[in-house]
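A.B. asks: The opening position of the sequence shown corresponds to residue 1 in the working numbering, with each subsequent residue numbered one higher.
Keep in mind that the hints were calculated from the coordinates and are not lab data.
Be careful, since some hints might not be right.
Below 30 Å or equal to it, Euclidean Cα-Cα: the simulated DSS-like pairs (lysine-lysine) are [unchecked claim]:
#1 K370 <-> K297
#2 K146 <-> K175
#3 K297 <-> K198
#4 K34 <-> K371
#5 K219 <-> K38
#6 K42 <-> K305
#7 K38 <-> K371
#8 K209 <-> K146
#9 K223 <-> K206
#10 K219 <-> K196
#11 K38 <-> K305
#12 K175 <-> K305
#13 K297 <-> K219
#14 K42 <-> K223
#15 K175 <-> K38
#16 K223 <-> K34
#17 K372 <-> K305
#18 K49 <-> K219
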Amino acid sequence: MGNKSALKYSNIKANDTTASAGSPFWADKNAHRKSLFKNVMKQVWRWTKIVIFLFMMLMGLWGCFQTMVDPTVAQNSVIGHGLEFGFPYASTGDYRFDLQMAAGANQYNTLTFQWSISGVGSNSPFYAFFVWPAAAIVTLFMLATKSWWGGMNALLAIFLLLLFIRILTMAISLKSTFQNEKMTELQGQIAEINAKYKNANDPQSKQMKQQEIMNLYNKHNVKPFAAFEQMFLTLPIFLIIYRVVTIVRPIKVTVLFNIWNFAASPLTQIFNNFLDGGWTYIFFLILVIASQIFSMKMPQLFARKRSRSASTASDAGKQQYKKTQRTQNIFMIVMCVIVAFSAVGVGVYWFLNSLFTVAQAWIMHVLITKKKTKDKQSGARLVNFDI
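Start from the sequences, fold in the hints, and give me the full structure.
C.D. replies: Below, the structure written as structure tokens:
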């Protein structure tokens, strides 16, 4: 009789869809739904990020090719030449903000607040979605602060624009930023693996090398392809700021601290006008180049401070690490050459961007250090509890 009752009871429990078999009464009956909803939202966010990154990459490539091949967006440091953004003629009564073609100009196109686009065409999504709004914000800010001394309004306008873009992109790519910091920590171990298989050219050794690197990534929960997220965002950001500082009329006429002309090329000023103030651009180049070097070295120093994995132990590993650093140094030299030949406004962007890069590296260093400390404390508590 007892067996029959037990059988009936088990059948009832098995067919009861409102309760989880074997679960205590205090268990969350909606746990499955919550888990399903969480997974769905995770996939939605994942594909949203993919769409955003692809769109940003497409816009970056669009802007890059258009800048190179389209004569209507050509850059010119002389006022009234090239592509310029500002107010229609006689709108403000200030030549720094009102667009007008210079006498004898053979190529001139404008972007105005009325969307009166001459030559550029409204069929350019890069200029419509990115350059125009950014340029409008910068121009309005500079108009409201046009009485500031020494072009400080231009400096602050670029700073605020870059701050807004960096915060927005950092929020989107926060996970990939952490991944990049982790990969920096593992540079020493990767150099050791590369040194181990330095002279191994057979397919089996190459496969073993790749397997060791992947095992290292898996051990530290690092996704190597996450670094591409930064690449998808970096190109459009650079092009947006680059076009803003080269086409916005009030920026073109700015002379920072009454010394450095935003529209002038430092190298051109040094060689052509050395005695007539061109020598001051040497200090500008030193300032910008030093900030670039500092911003590239600081993340590595923070990584070494966080983990010994960022350094190498063997002589072969050190040689391989130096080889990697040599590649980064070449990239740094190329950046310095670009700064020297570009307009001062572009150099100001690189300087401010370096400051943001250092600040971001420091923030990541603090967050990762706190997380590691918290994980160690949690592990210690678990060990004590087990004992």
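A.B. asks: Now, for every hint given, state plainly whether the structure supports it.
C.D. replies: Right, here's what the structure says about each hint:
Restraint check for K370 and K297: the C-alpha separation of about 22 Å stays at or below 30 Å, so the hint holds. With a CA separation close to 40 Å, the supplied pair K146 and K175 exceeds the 30 Å bound. The suggested pairing of K297 with K198 holds, with an alpha-carbon distance near 26 Å, which does not exceed 30 Å. Distance restraint check for K34 and K371: the Cα-Cα separation of roughly 26 Å lies within the 30 Å cut-off, and the hinted pair is therefore satisfied.
Of the supplied pair hints, the one linking K219 and K38 holds, its CA atoms being roughly 26 Å apart against a limit of 30 Å. Under the criterion of a C-alpha separation no larger than 30 Å, the hint pairing K42 with K305 is inconsistent with the structure, at around 33 Å. For the hint linking K38 to K371, the alpha-carbon distance of about 23 Å falls within 30 Å, and the restraint holds. The hinted pair formed by K209 and K146 fails the criterion: a straight-line CA distance of about 60 Å is larger than 30 Å.
Between K223 and K206, the direct Cα distance comes to roughly 20 Å. Compliance with the 30 Å bound is thereby established for this hinted pair. In summary, the hint linking K219 to K196 is supported, as the alpha carbons are separated by about 19 Å, within the 30 Å threshold. Using a Cα cut-off of 30 Å, the hinted pair K38 and K305 is violated, with the two alpha carbons roughly 36 Å apart. Restraint check: the Cα-Cα separation between K175 and K305 comes to about 21 Å, which is no more than 30 Å; the hinted pair holds.
The straight-line distance between the Cα atoms of K297 and K219 is roughly 26 Å, inside the 30 Å bound, and the hint therefore holds. Between K42 and K223 the alpha-carbon distance is near 17 Å, which keeps this suggested pair within the 30 Å criterion. At roughly 18 Å between alpha-carbon atoms, K175 and K38 fall within 30 Å of each other, so this suggested pair holds. Annotation: proposed proximity of K223 to K34 holds, straight-line Cα distance about 27 Å (limit 30 Å).
Restraint check for K372 and K305: satisfied, since their Cα atoms lie roughly 13 Å apart, inside the 30 Å limit. For the suggested pair K49 and K219, the alpha carbons sit about 26 Å apart, so the restraint of at most 30 Å is met.
Comparing the model with each earlier hint shows violations of hints 2, 6, 8 and 11; every other hint is respected.
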